[in-house]
Amino acid sequence: MIVRRYLLLASAEFRRQSTYRLALAAGISANTVFGFIRFSVFYAALVGAGGTIAGYDRAQASTYVWLGQGLLAGIGLLGTHEVSERVQTGEIAIDLSRPIDLQLSYWARDFGRAALMIPARGLLPVIIGAVTTGLAFSSSLWAIPLGLISLALAVSISFLLRYGVNLISLWTIDVQGYTSLYMLLMSLLSGFYVPVHIFPGWLQVIATASPFPSMFQSPIDVMSGRVVGAAALRVVGVQLVWTIVLAAATRLMLWRGSSRLVVQGG
Amino acid sequence: MAELVSPPTTDLVTKRESYAILLASRLRAQMTYRSSFWINTVNSFFTGVLEFVETYVLLTNTPTLGGLNFAQASLVFGLANLGWSIADLIFGQTDTIPRYIREGKLEAFLIRPMPLLAQMITADFQLRRVGRAFLGLLIAVIVLFWVHLDFNAATIYLLITTPLYGAAIYGALFVLAGGLQFWIVDGSEFTNSFVYGGSYAGHLPGSALLLPLRVLFTFVFPVTATAYVPCLIMLGMDGPSWLPAWLGWLPPVFAGWTWLLAAVVWRRGVRHYTGAGG
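For the record, the sequence lines run as chains A and B. Heads up, the first sequence is in our numbering, so the first residue is 1 and it goes up one at a time. Heads up, the second sequence is in our numbering, so the first residue is 1001 and it goes up one at a time.
The hints are simulated quantities; they were obtained by calculation from the structure and are not laboratory data. There's no promise every hint is true.
[Stated by the list, open to error] Chain A stretches covered by chain B per the calculated footprint, using a threshold of three residues with CB under 8 Å from any CB of chain B:
1) 49–56
2) 93–107
3) 142–149
4) 196–206
5) 209–217
[Said to hold, decoys possible] Have a look at the derived ranges for each label pair, beta carbon to beta carbon:
6) B/His1148 x A/Trp202: 22 to 32 Å
7) B/Met1114 x A/Glu85: 53 to 63 Å
8) A/Val205 x B/Thr1274: 56 to 66 Å
9) A/Gly134 x B/Val1215: 17 to 27 Å
10) A/Leu240 x B/Ile1156: 56 to 66 Å
11) B/Ala1263 x A/Leu252: 52 to 62 Å
12) B/His1148 x A/Gly229: 43 to 53 Å
13) B/Tyr1019 x A/Ala249: 23 to 33 Å
The structure presented is a predicted model; accordingly, all values stated were derived computationally and were not measured. In this text, a Cβ means the ideal position worked out from N, Cα and C, and glycines have one as well.
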């Protein structure tokens, strides 16, 4: 039962994350305050522009902001250093000698983390948003299963990108510069600060050529009903392509990189 | 017996010298890894740019944000950013208090004959944060040539003092947050809502905030006073409801209030702290 191993890893991570209750509450409260500020600015821009910007009206703007605040921790926008730290300490050698795939084991654990974080940190901000500034959800019944698929793919893309940045440590020990660069590009191009749809043309071209919108803007678009029917399927299709490309690329990175790995001591 | 009563031959370093020595050693250490230092400085600069992109993108979609056009909103951003980065440079280390508490490193600070806050500032002074202050200065200076200001004595006074009082207000919020950490160790993110949320709100036109937020971020955590309200006077504009332009003369009062709050909480926090032994 190979699948069972990964399910066990995922559930262990789920339980590990659920022990930090106070941190969870603190995170939710900070997310909520930021949500109100973000909605304020977006709404002020809508008022200045005369009601709508690129298809965003008050309800759509509110939905974009609150789904974003709810999902940011679950999707894992905040970055991880675990793999690169294990390369630095040499513990990665232990991981590589285990009878389990490195990429899949971390991927499974990240799913476990997301499975807790998405409801635990996501539900309350979305409810608060619905009560205070109003939400608009897709009226299509397909939006629920498709939204879940889109969310799972977004978590995967986010994981694979973070994992890839961590794997750079196989070539150069200090990856802090690369991590910061990734954080900069990601928070701008994923549509986290402002939706990709309202970017000026040149920035939109750069964003859509990158995997970043697929990890944040896409699930929000599908769940809020900004894209429906064939357009929604196309968005999820793009996410799937990025997942496959990034999964292959990080496997290649590990294969090339681990042949260079030298662990000191013994 | 004579040597026992004779004064020590080497003078003890004075308090001020000891701070200077500590800071100089921190700076020397950071300059040792020169390329790493520059990468981090450039990164800190671009983190500021990224935040500015939000204002920029919104204002490519609308002529005004909370009644301010792009140049005016940029002036608010630049002045707030300058104040914020000075505060972050000096007091940003208070963010690490939860880690010091968890790892039991705080005792080492507490037994030294120097105030805890002064040690926190000098313990890990990060010069790379200058990158961000440079961005705020750059934006503010560029915008000055572009936005139409009446350069009288009042404008010049406000231009010079706003970032300084801004730094004082943001600095007080850092210290207030640091003081609260002694109670909430694991819940350190609670304070992000007014430290980093406050910074976010302070960089925006105060008129763009929903009314409850506008009141919260003026009369409790007075971040609108770090740029927006003084800018109203410089631009000759009336403020939105609850935020009259004359409040722009009061940053010293707001700074005094936040420091009072910060000092009380910090002192009580440090007294509240009990080590975990070891």
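Going down the list of hints, with the structure as the test:
no. : hint                             : in the structure
1   : 49–56                            : holds (count 3)
2   : 93–107                           : violated (count 0)
3   : 142–149                          : violated (count 0)
4   : 196–206                          : holds (count 4)
5   : 209–217                          : violated (count 0)
6   : B/His1148 x A/Trp202: 22 to 32 Å : holds (29 Å)
7   : B/Met1114 x A/Glu85: 53 to 63 Å  : violated (33 Å)
8   : A/Val205 x B/Thr1274: 56 to 66 Å : holds (57 Å)
9   : A/Gly134 x B/Val1215: 17 to 27 Å : holds (22 Å)
10  : A/Leu240 x B/Ile1156: 56 to 66 Å : holds (59 Å)
11  : B/Ala1263 x A/Leu252: 52 to 62 Å : holds (56 Å)
12  : B/His1148 x A/Gly229: 43 to 53 Å : holds (50 Å)
13  : B/Tyr1019 x A/Ala249: 23 to 33 Å : violated (50 Å)
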